[in-house]
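Which chain is which? The protein sequence lines are A and B, in order.
So for the first sequence, this note's numbering puts the first residue at 1; every next one is plus one.
So for the second sequence, this note's numbering puts the first residue at 142; every next one is plus one.
Because the hints were derived from the structure by calculation, they are not lab data.
The beta carbon of each residue, even a glycine, is placed where N, CA and C say it ideally should be.
A hint or two may mislead.
[Said to hold, decoys possible] Just a sample of chain A residues kept apart from chain B, beta carbon distances all over 12 Å, derived:
(1) Leu29
(2) Glu34
(3) Arg35
(4) Gly40
(5) Asp46
(6) Asn98
(7) Arg100
[What the hints assert, rightly or not] With beta-carbon atoms standing in for the labels, derived distance ranges:
(8) A:Ala103 x B:Gly171: 31 to 39 Å
(9) A:Arg109 x B:Pro443: 51 to 59 Å
(10) A:His110 x B:Ala415: 55 to 63 Å
(11) A:Ala103 x B:Ala415: 19 to 27 Å
(12) B:Gln352 x A:Arg100: 36 to 44 Å
(13) B:Ala385 x A:Arg109: 48 to 56 Å
(14) A:Ala103 x B:Asp407: 49 to 57 Å
(15) A:Glu107 x B:Asp188: 40 to 48 Å
(16) B:Ala235 x A:Leu101: 15 to 23 Å
(17) B:Arg350 x A:His110: 51 to 59 Å
(18) A:Leu101 x B:Ala298: 39 to 47 Å
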Amino acid sequence: MSEPLPGRIGSFPARAGPAPYASGEPSSLADILERVLDKGIVIAGDIRINLLDIELLTIRLRILVASVDKAKEMGIDWWEHDPSLSSRHAGSALERENRRLRAELDELRHDRITGRDTSRAVFDEDAGRTGADRHEHGEER
Amino acid sequence: MTHPEEHAERAEQDDRVAQDDRVAHDRSAGHVVYVYAVVEAAAPLRDRLAALRGVAEARVELLSETGGDGDGSGRPGRLALVVSSVPRADFDEAALTRNFEDLAWLERVARAHHDVVGAVAARGTVLPLRMATVYEDGDRAGRALSERHETFARRLAALRAHAEYGVKLSLPPAGAVSRTAPAAPTDSAVPGGEGRPAGPGRAYLHRRRAQRQAREAVHAQAGPAAAALSEAAARHASEHVRHAPQRSPLSGPSQNVLNASYLVPDARADAFRAAVARVAERFPDLRVEVTGPWAPYSFAMPPSGPDPAAGDGPDEAGPAPAREAS
Numbered sequence: 001m002s003e004p005l006p007g008r009i010g011s012f013p014a015r016a017g018p019a020p021y022a023s024g025e026p027s028s029l030a031d032i033l034e035r036v037l038d039k040g041i042v043i044a045g046d047i048r049i050n051l052l053d054i055e056l057l058t059i060r061l062r063i064l065v066a067s068v069d070k071a072k073e074m075g076i077d078w079w080e081h082d083p084s085l086s087s088r089h090a091g092s093a094l095e096r097e098n099r100r101l102r103a104e105l106d107e108l109r110h111d112r113i114t115g116r117d118t119s120r121a122v123f124d125e126d127a128g129r130t131g132a133d134r135h136e137h138g139e140e141r
Numbered sequence: 142m143t144h145p146e147e148h149a150e151r152a153e154q155d156d157r158v159a160q161d162d163r164v165a166h167d168r169s170a171g172h173v174v175y176v177y178a179v180v181e182a183a184a185p186l187r188d189r190l191a192a193l194r195g196v197a198e199a200r201v202e203l204l205s206e207t208g209g210d211g212d213g214s215g216r217p218g219r220l221a222l223v224v225s226s227v228p229r230a231d232f233d234e235a236a237l238t239r240n241f242e243d244l245a246w247l248e249r250v251a252r253a254h255h256d257v258v259g260a261v262a263a264r265g266t267v268l269p270l271r272m273a274t275v276y277e278d279g280d281r282a283g284r285a286l287s288e289r290h291e292t293f294a295r296r297l298a299a300l301r302a303h304a305e306y307g308v309k310l311s312l313p314p315a316g317a318v319s320r321t322a323p324a325a326p327t328d329s330a331v332p333g334g335e336g337r338p339a340g341p342g343r344a345y346l347h348r349r350r351a352q353r354q355a356r357e358a359v360h361a362q363a364g365p366a367a368a369a370l371s372e373a374a375a376r377h378a379s380e381h382v383r384h385a386p387q388r389s390p391l392s393g394p395s396q397n398v399l400n401a402s403y404l405v406p407d408a409r410a411d412a413f414r415a416a417v418a419r420v421a422e423r424f425p426d427l428r429v430e431v432t433g434p435w436a437p438y439s440f441a442m443p444p445s446g447p448d449p450a451a452g453d454g455p456d457e458a459g460p461a462p463a464r465e466a467s
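Chain B with its partners taken away, still in its complex shape:
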């Protein structure tokens, strides 16, 4: 037997709780805006994005640029950001600093970022942003986009109908060389070695020497192979860039000596792969690996240094990669 007043009071309380809940989930309070990429607003993306889950399992949305001339909604070349609303508690400065040191978190977020960028790249031209670019709210993100409209629009135009491919060249593990290396000297190369059964010590020394020579022969191929690969790949690419070789105790004794990315027109992708494959066939002792197609991460910034319009500080310029148009 509750008094009507009491009932009303409780309902009011429930309302307040519900409201607090909403506030907690509101973008400006509990959430911040994580940006994956810049795209052309006209790209047919909304359906694709609706099916995606991004960083922190969040929905993925399009955020059109604000400001500029009028509402600009019909303007061709209008840009948009691909964004998610993510919990502030996981993406504010302190959390990011902590989380970046957690390899499991880093892998999860890096893969989610990569998956969203890849899904968008499948539908149109995309400028991928570096992982963990975060804004306080949609307005601020939209303004950041509008301020750089010209730079981004130019770059998007240059990247249209292109994809990035990685080419890596590695030396095989030491133990794998002697099996396949050509020109390993035989006993016949040793004076008096023919027709005589070698003693165990002598055989051991021969084997060691053969292995060493085979290894040296493979190492000697690395330079010419890298040059031939670079030349063949660049012939079919609009731009290319060299990355630092990947070195890792986990990757075993094989040693990455060339790690490059190529911006390849879609129409030439097959020719690019074929050209690289032909070079790889000439160097059977070396490991040639092609990765991709990637969204053009390595080519998102214009090739000739930082664009004067692109930034207002060293933070925005990023490291200038050694890159040339091919």
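Bound conformation, chain A alone:
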């Protein structure tokens, strides 16, 4: 597929010209992710993903991707090889980290139940929910 995608950023509606003082670069990944992941209509599809996982992920993304495009231009692509940032290259380090965070959560909740250092237990009970909202209305036919 060498044919360029119609509707790329450059061919976005000519309802207004390009910003005269903007950098002139295509939309940054950070700007796009900010919109397609965080904005837009939310309607519950049939297939849902665990929001807790995504929440942890987007926090990482906020830290990570603000100018991935620029970094790539400069030849900086270390995150693609950093096992903690890409599940593609090293199994799923993020999954491991999520597990670790959940283990910490469980420990905190356990501490709260057993009365150990309850003062710092700021987590909502719901925040510890891991699989409860995972479901798929799978109607295989």
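Fit chain B to the supplied structure of chain A, relying on the hints for placement.
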């Protein structure tokens, strides 16, 4: 020398294989329906969509709403979903959970989603959906659309002939400040500093102090600049919303302090840009960036909290953004 029976049997087998193949590609078995956006069914989109490839390189199609009063095909304000049939194996729950953690996959799908939404927005009013809204089949997607017809139709009407623009204000990197900042004190401000060649230690201290003061002067401009930008931009916008500032070690030492979106009528887009540019000129030490036009991602949900008709659970309400009509 094959027996006719044998030949027939083989042909039958081939038929079965072909059929299995078709079943594997059938929407209900191997595929699910990925939804990009809600549009008005009357919009002249089909040609445009035929040329597009969406998520997973899939064809992009229009799916008209089902149910309602009769077939409703002639009804004005009839809505449609922009969809693709995508492999279930990549978009079922387990795969999505895994894929969302893969930045390369996420970027690919996010850009494909964004490109389709942008191409549709170029032809008409669009309500973009959040990335990765997936239905088992077209019927279920169509029903989800019909159930929310009124909410979507109202929102589409409010967004007609509007586009979203982003406005970002950032502080420059620390090293860049002293070159351009005004009012950096000179030696003449230091008693006894005039006309005497300063020693290296003394010059160093002066330089450090000048840099610090310049930096503080730039920081002090951020508040007034943000206020002036917000005010100027909102004057030309129908609605606006503030997003969380973007912070990143990759973006270097420059610090994003204002990150907002404006819903601007097409007729006022030039005035909007000009107003923002005028404010930017008053603050040459700060970086002002305008992005867009975007499809109205940040304004797809009605401004005053979740619409009672829009959802049946907290999943559907989404986070309520701090947003006002301007």
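How the hints compare with the structure:
1. Leu29: violated (6 Å)
2. Glu34: Non-interface label fails for A:Glu34: nearest chain B Cβ at 6 Å, not farther than 12 Å.
3. Arg35: violated (4 Å)
4. Gly40: violated (4 Å)
5. Asp46: violated (4 Å)
6. Asn98: Nearest chain B Cβ is 8 Å from A:Asn98, so the label is violated.
7. Arg100: About 14 Å separates A:Arg100 from the closest Cβ of chain B, which puts it past 12 Å; holds.
8. A:Ala103 x B:Gly171: 31 to 39 Å: Taking Cβ atoms as reference, A:Ala103 and B:Gly171 lie about 36 Å apart, which means the hint holds.
9. A:Arg109 x B:Pro443: 51 to 59 Å: Since A:Arg109 and B:Pro443 have Cβ atoms about 37 Å apart, the given range 51 to 59 Å is violated.
10. A:His110 x B:Ala415: 55 to 63 Å: Distance hint for A:His110, B:Ala415 holds at roughly 60 Å.
11. A:Ala103 x B:Ala415: 19 to 27 Å: Violated: the Cβ-Cβ distance is about 55 Å, outside 19 to 27 Å.
12. B:Gln352 x A:Arg100: 36 to 44 Å: holds (42 Å)
13. B:Ala385 x A:Arg109: 48 to 56 Å: violated (28 Å)
14. A:Ala103 x B:Asp407: 49 to 57 Å: holds (52 Å)
15. A:Glu107 x B:Asp188: 40 to 48 Å: violated (58 Å)
16. B:Ala235 x A:Leu101: 15 to 23 Å: holds (20 Å)
17. B:Arg350 x A:His110: 51 to 59 Å: Since B:Arg350 and A:His110 have Cβ atoms about 54 Å apart, the given range 51 to 59 Å holds.
18. A:Leu101 x B:Ala298: 39 to 47 Å: For A:Leu101 and B:Ala298 the Cβ distance comes to about 44 Å; the hint holds.
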